[in-house]
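Colleague: Each chain, letter by letter, is given below.
Protein chains: 2
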Amino acid sequence: MGATYRALCRHGFAALTMQHIADESSRSKAALHYHYETKHDLLVAFLEYLAQRFEARLLGVDAVDPEEQLFSLVDVLLDPSDRADDREFRTAMLELRAQAPYDDDYRQRLAEIDRFARERIRETIANGIDCGVFRADVDPTETATFVVTVASGAITRRVTLDAADPPIAAARRAIRAHVESHLLGAEGEVRTE
Amino acid sequence: MGATYRALCRHGFAALTMQHIADESSRSKAALHYHYETKHDLLVAFLEYLAQRFEARLLGVDAVDPEEQLFSLVDVLLDPSDRADDREFRTAMLELRAQAPYDDDYRQRLAEIDRFARERIRETIANGIDCGVFRADVDPTETATFVVTVASGAITRRVTLDAADPPIAAARRAIRAHVESHLLGAEGEVRTE
Numbered sequence: 009m010g011a012t013y014r015a016l017c018r019h020g021f022a023a024l025t026m027q028h029i030a031d032e033s034s035r036s037k038a039a040l041h042y043h044y045e046t047k048h049d050l051l052v053a054f055l056e057y058l059a060q061r062f063e064a065r066l067l068g069v070d071a072v073d074p075e076e077q078l079f080s081l082v083d084v085l086l087d088p089s090d091r092a093d094d095r096e097f098r099t100a101m102l103e104l105r106a107q108a109p110y111d112d113d114y115r116q117r118l119a120e121i122d123r124f125a126r127e128r129i130r131e132t133i134a135n136g137i138d139c140g141v142f143r144a145d146v147d148p149t150e151t152a153t154f155v156v157t158v159a160s161g162a163i164t165r166r167v168t169l170d171a172a173d174p175p176i177a178a179a180r181r182a183i184r185a186h187v188e189s190h191l192l193g194a195e196g197e198v199r200t201e
Numbered sequence: 009m010g011a012t013y014r015a016l017c018r019h020g021f022a023a024l025t026m027q028h029i030a031d032e033s034s035r036s037k038a039a040l041h042y043h044y045e046t047k048h049d050l051l052v053a054f055l056e057y058l059a060q061r062f063e064a065r066l067l068g069v070d071a072v073d074p075e076e077q078l079f080s081l082v083d084v085l086l087d088p089s090d091r092a093d094d095r096e097f098r099t100a101m102l103e104l105r106a107q108a109p110y111d112d113d114y115r116q117r118l119a120e121i122d123r124f125a126r127e128r129i130r131e132t133i134a135n136g137i138d139c140g141v142f143r144a145d146v147d148p149t150e151t152a153t154f155v156v157t158v159a160s161g162a163i164t165r166r167v168t169l170d171a172a173d174p175p176i177a178a179a180r181r182a183i184r185a186h187v188e189s190h191l192l193g194a195e196g197e198v199r200t201e
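Chains V and A, in that order, give the protein sequences.
Per our numbering, the first sequence starts with residue 9, numbered consecutively.
Per our numbering, the second sequence starts with residue 9, numbered consecutively.
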């Protein structure tokens, strides 16, 4: 999986071959083919590995305060890799996402990742409403979709426009502003306390 | 350009050949090569054509009321094609966007489209502030970036997740909520009137 990551960063998704992945690992191409019949099969396994890591990172966020919990989840969404120089990887992932309409296996895994992130955020917002931190008139499902949409847009714009960090930082600020005005509520707004 | 559009919808970006484009047009492949040396050159010309059309659609939005103007611009962003069944085309465009980090020509054209959209929205918000419809403490540049980020995320999620219209409709609602709470202001907020 590490070799697949490195090969994707080096060659991108479109040009990737089993040989590239073997070159990044201690295994031969034949050994890779023993486990994964095709590049497609290996990439599906890689997506499953990414989904597990991503889900583990989202589950690892465990703050007492729902607001802090929500912002920590947003940080995981906006920085899906542990690595600082992950631009190549995000690019390869966008290429893979663009293939999803042609490939049920990719689409299912990506949909699962998206669903997991939305559900974790929805649950955090619902908890925040239950304990009176967030307003009772907030729709947790709608807000969770909004958050993943902003994150997705920021990552797409960052990859596409070579704009370095600004889209990511702007997304963080936008989500924070949304939380402050819609979830925490302004004066005169109904709160559940 | 129409033939390129149809060929992209039919074959996607990765598999596209000059022959596919010729097949959708009344010209031969040789005639295409006379005008465009490579597929890359033709796609750059196609992006320029799309940019012109998109810019014309954004310029064509000319409402008196800044709020109405803003929502009409959002509608152009969220529905970049005139066609109802544009999912194939959006998919091909996402594939092309994912190639932008590898291709300066694509990246420059996409950045120009993004810049034009942001500038048009920024200008609309600034006008709205000047005539007292929007709050004076709104940052037009930041808000414009937020709007294009939400639109970009909605389109990426729609293509990737096969979720039909919900991401687009959710983006529209999210932008509307943002405008209502941040630009138009709640009771007790400072307004420029």
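Among the clues, some could well be false.
To be verified - Label-pair distances were calculated between CB atoms; the ranges are:
| id | chain 1 | residue 1 | chain 2 | residue 2 | range |
| --- | --- | --- | --- | --- | --- |
| 1 | A | D49 | V | K37 | 31 to 37 Å |
| 2 | V | D113 | A | R95 | 47 to 53 Å |
| 3 | A | A144 | V | E188 | 16 to 22 Å |
| 4 | A | E120 | V | D111 | 41 to 47 Å |
| 5 | A | Q116 | V | E45 | 50 to 56 Å |
| 6 | V | D145 | A | T149 | 26 to 32 Å |
| 7 | A | E150 | V | Q116 | 35 to 41 Å |
| 8 | A | R123 | V | D145 | 34 to 40 Å |
Just so you know, the hints here were simulated from the structure itself, not pulled from any lab data.
A virtual CB, placed ideally from N, CA and C, is assigned to each residue, including glycine.
Colleague: Now, for every hint given, state plainly whether the structure supports it.
Modeller: Each hint, compared with the structure:
Between A:D49 and V:K37 the beta carbons are some 35 Å apart, a value that agrees with the proposed interval 31 to 37 Å. At roughly 19 Å, the beta-carbon separation of V:D113 and A:R95 lies outside the given 47 to 53 Å, and the hint is violated. Remark: the range hint 16 to 22 Å for A:A144 to V:E188 is upheld by a beta-carbon distance near 19 Å. A beta carbon spacing of about 31 Å between A:E120 and V:D111 contradicts the range 41 to 47 Å that was offered as a hint.
At roughly 40 Å, the beta carbons of A:Q116 and V:E45 sit outside the given window of 50 to 56 Å. The given range of 26 to 32 Å is respected by V:D145 and A:T149, whose C-beta atoms sit roughly 31 Å from each other. Taken as a hint, the range 35 to 41 Å holds for the pair A:E150 and V:Q116, whose Cβ atoms sit roughly 36 Å apart. Between A:R123 and V:D145 the beta carbon distance is about 37 Å. The supplied range of 34 to 40 Å therefore holds.
In this structure, the earlier hints numbered 2, 4, 5 are contradicted, and the remaining ones agree with it.
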